[in-house]
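Colleague: Sequence:
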Amino acid sequence: MTPVIIIAIATAIVGASIATIFYTTRLDKMTREEADHLVKRVAIETEIDMLNERITIIHSRITNLEKRVEPIGFQEVITKHADQIAAICCREYSKLFEDGHDERGDADNKGND
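Note that this note's numbering has the sequence shown beginning at 265, numbered continuously upward.
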């Protein structure tokens, strides 16, 4: 396995462990709904971290492609593959929020009604 994948897996394990410890030690001070929300939030943040790692890998592959094909510049590569890159990003992002709402957006919009 590549170091990036190993780091992503380790991040997921550490995030889940922290969430579990926090969940069990503070359960008496928070409601079940608050605890579930916290665990879900940590899981989403871990997914975002792993998605960022995948974006880094894609960027690295594009950079390597640019090095191999010198006459074509980076902008041309991005332009040529923009639809594929956008499709991958949209598909991966939508997996994070299959339940239909973006919790980060909810937090930003509080009090703006």
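None of these hints come from the bench; they were simulated from the model.
Check the hints yourself; a few may be wrong.
[What the hints assert, rightly or not] Below are the DSSO-like pairs computed for lysine-lysine, each with C-alpha atoms no more than 30 Å apart in a straight line:
1. 304 <-> 359
2. 359 <-> 344
3. 344 <-> 331
Colleague: Determine which of the earlier numbered hints do not hold for this structure and return their numbers in increasing order.
Modeller: none
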